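J.: Below are the chains, spelled out letter by letter.
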Amino acid sequence: MKDLADHLFDILENSVKAAATEVKIILGIKDKLFFCKIEDDGSGIKDEDVTDPFVTSRKTRKVGLGLPLLKRAAESTGGSLQIYNSEKRGVILEFKIDIAHIDAKPFGDIARTFVDAIYSWPKVSFDIFIQKKNNKKLSIFNSKKIREIVSYSEMQQKEVRDFIYDSIDRELKKIKIDSQFGMF
Amino acid sequence: MKNLEELKKIRDRVRKDLELRTGKHRIKIVVCLGTCGIAAGARETMNTLIDLIAKKDTPDTIVTTAGCAGFCQQEPMIQLYIEDKEPVVYGKVDQKAAEEIFEKHILKGEIVEKYLFSKGK
Numbered sequence: 001m002k003d004l005a006d007h008l009f010d011i012l013e014n015s016v017k018a019a020a021t022e023v024k025i026i027l028g029i030k031d032k033l034f035f036c037k038i039e040d041d042g043s044g045i046k047d048e049d050v051t052d053p054f055v056t057s058r059k060t061r062k063v064g065l066g067l068p069l070l071k072r073a074a075e076s077t078g079g080s081l082q083i084y085n086s087e088k089r090g091v092i093l094e095f096k097i098d099i100a101h102i103d104a105k106p107f108g109d110i111a112r113t114f115v116d117a118i119y120s121w122p123k124v125s126f127d128i129f130i131q132k133k134n135n136k137k138l139s140i141f142n143s144k145k146i147r148e149i150v151s152y153s154e155m156q157q158k159e160v161r162d163f164i165y166d167s168i169d170r171e172l173k174k175i176k177i178d179s180q181f182g183m184f
Numbered sequence: 001m002k003n004l005e006e007l008k009k010i011r012d013r014v015r016k017d018l019e020l021r022t023g024k025h026r027i028k029i030v031v032c033l034g035t036c037g038i039a040a041g042a043r044e045t046m047n048t049l050i051d052l053i054a055k056k057d058t059p060d061t062i063v064t065t066a067g068c069a070g071f072c073q074q075e076p077m078i079q080l081y082i083e084d085k086e087p088v089v090y091g092k093v094d095q096k097a098a099e100e101i102f103e104k105h106i107l108k109g110e111i112v113e114k115y116l117f118s119k120g121k
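If you read the protein sequences in the order shown, they are chains A and B. Heads up: the first sequence begins at 1 in the UniProt record's numbering, then just goes up one per residue. Heads up: the second sequence begins at 1 in the UniProt record's numbering, then just goes up one per residue.
Be aware that one or more of the hints could be misleading.
Claimed, not checked - Taking beta-carbon pairs under 10 Å as the criterion, some of the chain A residues facing chain B (in silico): (1) D6; (2) D109; (3) E154.
Just so you know, these hints were derived from the structure itself, not from any lab. None of the values given here were measured: they were computed from a predicted structure. Ideal Cβ placement from N, Cα and C applies to all residues, glycine included.
Please model the complete structure; the sequences and the hints are all you need to start from.
T.: Put into structure tokens, the structure is as follows:
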């Protein structure tokens with residue numbers, strides 16, 4: 001994984017594999033920490049440490065590397081990762097990364113990650129927010145709202161994908177999820 | 001989310017365009033996007049292919065995704081399903097390879113031996 005965008009795509013796939021139909025994502029930067037919270041309504045996790053590389057839900061192989069890799073990427077900057085079952089249904093995953101730390105991976109193209117996710121799993125609803133400095137949440141993408149306007153096949157067209165990319169990217173840049181080194 | 005009015009305008013344009021094409025897919029490209037594929041850069045491969053479809057105007061081709069196929073050392077991998085032909089799997093498909101495979105196999109029907117991983121079911 002060369003950047004955080006890759007990690008993010010990888011853990012979104014976990015939600016999809018757990019049969020989630022709705023995935024809510026909150027992103028923000030506070031006190032030099034990039035934080036991300038992902039809530040899904042999938043099948044949840046069993047009572048075991050899924051951040052252990054030798055724990056996996058798959059039956060073909062005994063290793064699963066997505067979460068352990070992200071956990072290490074977070075912890076190597078002094079950050080953290082937690083994953084737990086939600087009181088309702090599904091999983092809540094939170095991680096924090098000190099983006100000013102020398103070992104922090106670059107953000108990469110986070111907006112592209114979301115566009116790729118929306119393209120790859122058209123049946124999953126994504127609800128993406130950014131958390132502003134005053135702790136207010138701002139919706140920057142909502143699958144359901146978009147789908148009221150465009151169909152699946154229209155959403156896969158380049159012009160629509162570009163529109164979604166630009167509208168997400170613009171908001172991420174406003175809270176500086178793109179620049180990293182030298183931003184403070 | 002802002003500018004939904006703008007999106008409506010784009011939709012109307014795209015819809016007209018889609019109506020002109022009878023929407024049958026003859027070619028399906030599956031990009032493996034497991035942890036291994038992502039780490040190897042499969043998202044770039046996928047975006048290259050999606051852009052090529054738009055650029056070369058081949059609306060009978062679609063790109064979809066799958067999880068890990070179990071040959072992580074070969075990532076990024078793509079599977080190519082062409083109507084009435086045996087499926088073909090390519091390995092180590094970076095952006096450059098994706099362009100070559102698109103040009104030769106998808107547009108001309110020639111298998112690119114350099115990146116060939118397996119043929120048939």
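J.: All hints are to be evaluated individually against the structure, with a verdict given for each.
T.: Evaluated hints:
no.: 1; hint: D6; verdict: 5 Å, holds
no.: 2; hint: D109; verdict: 9 Å, holds
no.: 3; hint: E154; verdict: 5 Å, holds
In this structure, every one of the numbered hints holds.
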